[in-house]
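S.K.: Sequence:
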Amino acid sequence: MSAYTGAEQVTVAHPDLHSGDACPHCLEGTLYRQNEPAQLVRIIGMAPLSATVYACDRLRCHLCGEVTTAPAPEGVGPEKYDATATSMVGLLKYGAGLPFNRIETLQAGMRIPLPAATQWDLVRKAVPVLAPAHAELLHQAAQAPVLYNDDTTMKVLKLTKAQRAAALADDAHTERTGIFTSGIVATEEGRQIALFFTGVRHAGENLATVLAHRAADLPAPIQMCDGLSRNAPSDFDTVMSSCLAHARRKYVELTETFPEEARFVLETLREVYGTEARIQAEGLDPEPRLLRHQAESAPRMAILEQWMRTQFEERRIEPNSTLGAAIRYMQKRWPELTLFLRVPGAPLDNNVTERVLKKAILHRKNALFYRTLNGAYVGDTFMSLIHTAELNHVAPFEYLVALQRHGDAVAANPADWMPWNYQATLAQQNPGPEPPD
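FYI, the numbering for the sequence shown is 25 to 461, going by our numbering.
Hints listed in this document are in silico derivations from the structure and should not be mistaken for laboratory results. A virtual CB, placed ideally from N, CA and C, is assigned to each residue, including glycine. It cannot be assumed that every hint is accurate.
Derived EDC-like pairs (lysine to aspartate or glutamate); straight-line CA-CA distance at most 20 Å [claimed, not checked]:
hint, residue 1, residue 2
1, 182, 128
2, 356, 342
3, 104, 90
4, 274, 285
5, 179, 378
6, 356, 250
7, 149, 128
8, 274, 329
9, 149, 337
10, 389, 106
11, 149, 106
12, 104, 145
13, 274, 295
14, 274, 432
15, 274, 360
16, 149, 432
17, 274, 250
18, 356, 329
Distance windows between CB atoms, simulated [claimed, not checked]:
hint, residue 1, residue 2, range
19, 123, 310, 40 to 46 Å
20, 141, 451, 51 to 57 Å
21, 358, 312, 23 to 29 Å
22, 47, 26, 19 to 25 Å
23, 432, 251, 44 to 50 Å
24, 54, 311, 32 to 38 Å
25, 310, 141, 46 to 52 Å
Taking the hints into account, I'd like the entire structure generated from these sequences.
M.R.: This is the structure in structure tokens:
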């Protein structure tokens, strides 16, 4: 039952038999303990946040009137809401997309009230404790060799013109009315970092904020995004790679109007993605991956490029048709779409960022908006920590609890408290008992 690693583990000994006893069935053999026990799983329901009420005795002197109260049991902290409560609220709100009012209703039905205002206070007060880890994620993301970015629309109710202007660069259009949540994903050595930024800035401007923390001696990173110009950081050099999935999607939409042409393009790209799937299954490093794509994918992409050129040169299609527009989209971005054939580590598509942005979209669909930019910053902080933990196969609830319980240590050395190494840091701080001499 490896899936139930978070469940309470109870060892049940046989009431009558032990290892070494005679077999009760054949009466001749000897019993021995098997490595794998017979496992029973029993799942119970409970409120997301539970509560314990301690009724402490109070004794009053009939003469002086002084009241003596029994002390709280050992291990009961002074806070009404501990780190686990804050982590659960943050995970429900920013990880699962449950609005505060919905959590309040759920808790009220369980007879453990938790008002929406109290939930907001919990997550708001936790952000200064989580901020060092969040800042370290941003710093480490800036050093990554591959960065992905994209954005989606968001709504912030109380956003003044002064706040808009302050968030934009001096040369930006100060009358910009849109509000966005940008998702930035950084990958290095199998690790992934997800960062969220909500405000009036576009994805490229938020990527520039990240790259401002990049070491000066590092080469320009590979940037994967779709074809929108606003996704490119204006003040920093990147090696641009465009998303094949976006280009492919345009042909998926043409399968009914141009079935033969769309099928040719889609089958060509299917072969390219098949090569990538085999590379991932074999776990190839960037250099061998590049050689494999050059051997298998480059000839297919060359045929596709020639086919697109032929459609216009021989006037087989109308340039202003929907198929012509799809072909011109690919031709315009061909060097960026085929970067994976020339540069080690260049990705094929931006799907990882689109999956990351589903966190923000889930919040938007359920909560509809942020009230202020400060509320958006709280959400961005929690989402970044939660989803980075998930991308690295770490339980986000346990991670958030650890960050809050060790706030001073996190502030002192945030690099030791990343999702992929915080458990080792905890083990060093709490070593087990030393073996006897």
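S.K.: Between the beta carbons of residue 358 and residue 312, is the distance compatible with 23 to 29 Å?
M.R.: Check passed, 25 Å falls within 23 to 29 Å.
S.K.: Taking 40 to 46 Å as the stated bounds, is the beta-carbon spacing between residue 123 and residue 310 within them?
M.R.: holds, 42 Å
S.K.: Hint check: residue 149 vs residue 337, CA-CA at most 20 Å. Holds or violated?
M.R.: Between residue 149 and residue 337 the Cα gap is close to 64 Å, so the pair fails against 20 Å, i.e. violated.
S.K.: Keeping to a limit of 20 Å between CA atoms, is the pair of residue 182 and residue 128 held or broken?
M.R.: Distance ~24 Å between residue 182 and residue 128 Cα, so the pair is violated.
S.K.: Given the hinted pair residue 274 and residue 432, is their Cα-Cα distance within 20 Å?
M.R.: violated, 51 Å
S.K.: For the pair supplied as a hint, residue 149 and residue 106, is the alpha-carbon distance within the 20 Å limit?
M.R.: holds, 12 Å
S.K.: Quick check on a hinted range of 19 to 25 Å for residue 47 and residue 26, using CB atoms only.
M.R.: At roughly 30 Å between Cβ atoms, residue 26 and residue 47 fall outside 19 to 25 Å, so the hint is violated.
S.K.: Decide if the proposed pair is consistent with the structure: residue 149 and residue 128, CA atoms, cutoff 20 Å inclusive.
M.R.: holds, 19 Å
S.K.: Next pair to validate is residue 274 with residue 360; report whether the Cα-Cα distance is within 20 Å.
M.R.: Since the Cα atoms of residue 274 and residue 360 sit roughly 17 Å apart, the hinted pair holds (cutoff 20 Å).
S.K.: Hinted pair, alpha-carbon criterion (20 Å max): residue 274, residue 250. Please report holds or violated.
M.R.: Given that 20 Å is the threshold and the Cα spacing comes to 13 Å, the pair holds.
S.K.: Residue 389 and residue 106: Cα distance at most 20 Å?
M.R.: Distance ~29 Å between residue 389 and residue 106 Cα, so the pair is violated.
S.K.: With a cut-off of 20 Å on the C-alpha distance, tell me whether residue 356 and residue 329 pass.
M.R.: Between residue 356 and residue 329 the Cα gap is close to 11 Å, so the pair holds against 20 Å.
In summary, the numbered hints that this structure violates are 1, 3, 9, 10, 14, 20, 22, 24.
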